[in-house]
Structure formats: structure tokens, C-alpha cells
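Q: What follows is the residue order along each chain.
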Amino acid sequence: MRDPVTGTNRVISGQRPQNINVAFSQDVNSLSSTWGVSYYNGWDEEYFRLQQLRHRKLSAPYFSAFWDYKPSPEWRFHLEADDITGFVFHDVKFNYAGPRNVAALNNIDVFTANAIPHIEFQIRRTF
Amino acid sequence: MPELTLETGGEGAFNFLGGKTAFLVNGVNQPLPSAHAHVEEQRGELFAQGTWKIDPEWMLEAGMRAEYSTIIESGSTRLTRSFFYPKPRAVLTWSPDKDTQVRLRVEKVVGQLDFNNFIASANLSATGITVGNENLRPDQHSQYEISFERHFWQKGAFVLTLMHEDIKDVVDYVPIASPSGTFDAPGNIGNGQDNQITAQITLPLDKLFIPDGLLTTRAPST
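Here the protein sequences line up with chains A and B, keeping their order.
With the first letter of the first sequence counted as 1, position 53 gets the number 93 in our numbering; the numbers rise by one all the way through.
With the first letter of the second sequence counted as 1, position 141 gets the number 147 in our numbering; the numbers rise by one all the way through.
If we strip away everything but chain A, and leave its shape as in the complex, we get (with noise of 0.2 Å):
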């Protein structure tokens, strides 16, 4: 692809490299549950303005487990853990002073999240 302001060939704005989903899961018969992890592999992506070349990414590892557990029909306990390691969130804009082929670059704006992991558990009664 073609960038309108450089003339330099390029990805499309937002378009992800790649998308890698792993995961594993075991029905355990014996003690009525069901259990697994998963790993997602992030993401990256760019986005091409007139004076802004903005990155955002979102690193890899992600990670998630949980426990499915079905004592009978009517009753349902799940326990999930998400974003077990944490993920970090990064967000970065290189502004330019005008259009990024002539101008200088201004100001670089980078914006980091660091996420914590979370824990969920539900119960479920069927009636």
C-alpha cells in the first residue's frame, strides 16, 4: 500500500500482523468439571495520519485459566482467572510539526497501561 503523504509503501491503518490463540481444555468426568488455560498472543497496530504516526500494542503473554464445575443439572460454579501475567498496553503518537514527509518531528506522546490480573466467579441455579 502506498502511503498518500510519504509516497513509502506501507500497511493499512489498523491492520494486525498477526492473531495468535492458543488453548487448552479437559473434561475431568470423575469430579463433574471441566477445566483449561489459554494463551493469546497480543496485537500491534499502526495507524498513518497527515502529521501523526500512531502505534498501539498490546504485549503478549495474556494468559487465562479456569474451572467449570457441574455437581448436577441445575447447578453450575465457574472460576476464571483472566490476565493471569498481566498484559501491557502501550500507545504511542509521533506528531509532527506539519505533514509527516516535510516536517520535523515535534513531540512523541507515549501512553503505557499496565493491567492487573482479575478473578471471577459465578455461581449458576437453574430452575
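Rather than coming from a laboratory, the hints here were simulated on the basis of the structure.
Don't take every hint at face value.
As the list claims (entries may be wrong) - If we take Cβ atoms under 7 Å as the criterion, some of the chain B residues that face chain A in the derived model are:
1) 180
2) 184
3) 195
4) 214
5) 218
Unchecked claim - What follows is a list of derived Cβ distance ranges for each label pair:
6) B:33 <-> A:144: 38 to 48 Å
7) A:158 <-> B:33: 21 to 31 Å
8) A:72 <-> B:157: 20 to 30 Å
9) A:67 <-> B:85: 20 to 30 Å
10) A:150 <-> B:91: 26 to 36 Å
11) B:89 <-> A:69: 48 to 58 Å
12) B:118 <-> A:132: 29 to 39 Å
13) A:55 <-> B:105: 29 to 39 Å
14) B:172 <-> A:164: 28 to 38 Å
15) B:159 <-> A:55: 27 to 37 Å
16) A:67 <-> B:91: 13 to 23 Å
Quick caveat, the model's predicted, so the values are computed rather than measured.
For every residue, glycine included, the Cβ atom is placed at its ideal position computed from N, Cα and C.
Chain A is fixed; fit chain B onto it per the hints.
A: Showing chain B alone in chain A's frame:
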């Protein structure tokens, strides 16, 4: 014995959106392109498709959709545009046995316009001013795809898909000049290409001494 089924139909849609944006610097209004816009779209589509089961191993699905739309813009800009897109699609499937399938697909896909892209907006803490673009056209994708699917071990499956698409009128951001300056606007930046590899695996782990274990992956890459 060869079997042939035919299907035809149509649909219509009417969409509209209106919006106003004001951008002031030190209390002075800065006129922006498409700061005040009302957009209407009248869209109709007819389709016909056939499925031909040539023999137990081969099947061909082929069809054509014809989309006609008129977009009427009023407000800061008054413009009426009409589009006509024929959208052919063909899928050839080969099933040499009950667990294996190979599919070839050729299809033209036309994107739908986001009406917010016709109206100016501002996000001063992130991306700045984005003006509207009355000349925006939908992107058009000519897709060529081959996929291989194999089922195994009762619950197991492996699907590998390779897809190449030539994209005409890619929608991204373009510079738009106005008396108030040059701004970003959603716009068509020319033609591009996209290549994707997708692997999906469902792997039962019983044979690896993990009873009722299941490993699944999904990995699209460009």
C-alpha cells in the same frame, strides 16, 4: 447423479445520518470541510446463485450479487453519487473422502461505508481534527482463497487457509486541504494487497495420555 439447485432474491436498505461539528480557536470559528452534513443512502441488491453437485466428490457453488446504491449528501456539501457493483462468487469443493475437503473460492466483496466518515470530528487529546470526505468510496476486495480441511481422531480437525486479495480504493486517511488548513480525512488511498494464512487446529490429546484433553489454536497472519 448430478443435482442442481437455484436460489434468487433481493434486499433493500435506507440509511441516514446527520451531524454538526464546530471547531473554535480562541473563540473564533474555524470552518472545517463537512462540519455540517446529512447523508442518505438508498441501496438495493439482487442475487442469484446455484449449487451444482457434480458427483459425490465435486460440488460447485456460483452466484452473482448486483448492488446499486445512491448516496445523497447535503449540508456543507451537496453531492449525489451512484454506485453499481457486480459481486460474483464461486466456490469449488472437492471431497475425496468423508474426512477431507479442499475448497477454492473466488469472490468480490465490497465494503460498506461508515457514515461517520462523512462528518468532521475532533479528538484533541489523541488524533486531532478529522474532517469529513464527501468523495469517499467503498473499498472493493477481489479475494482468491484455497483451504484444506481434514478431520481425524473423531474430534480432531485441521484447517489451513491461504487467501490473497487485491483491494481497490483502500479506505484509510488522506490529507484534505481547506481554507482553515490541511486536515486528515477518511479517504481512498489507492490500491493494495492483503495476504492471509489461517491455521485452525483442534487436537484431541487422548492419544498423548491426557484423556478428554483438547488443544485448539487459531492463527490468522498477514
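Q: Hint numbers the structure violates, sorted upward?
A: Failing hints, ascending: 2, 4, 6, 7, 9, 10, 14 and 16.
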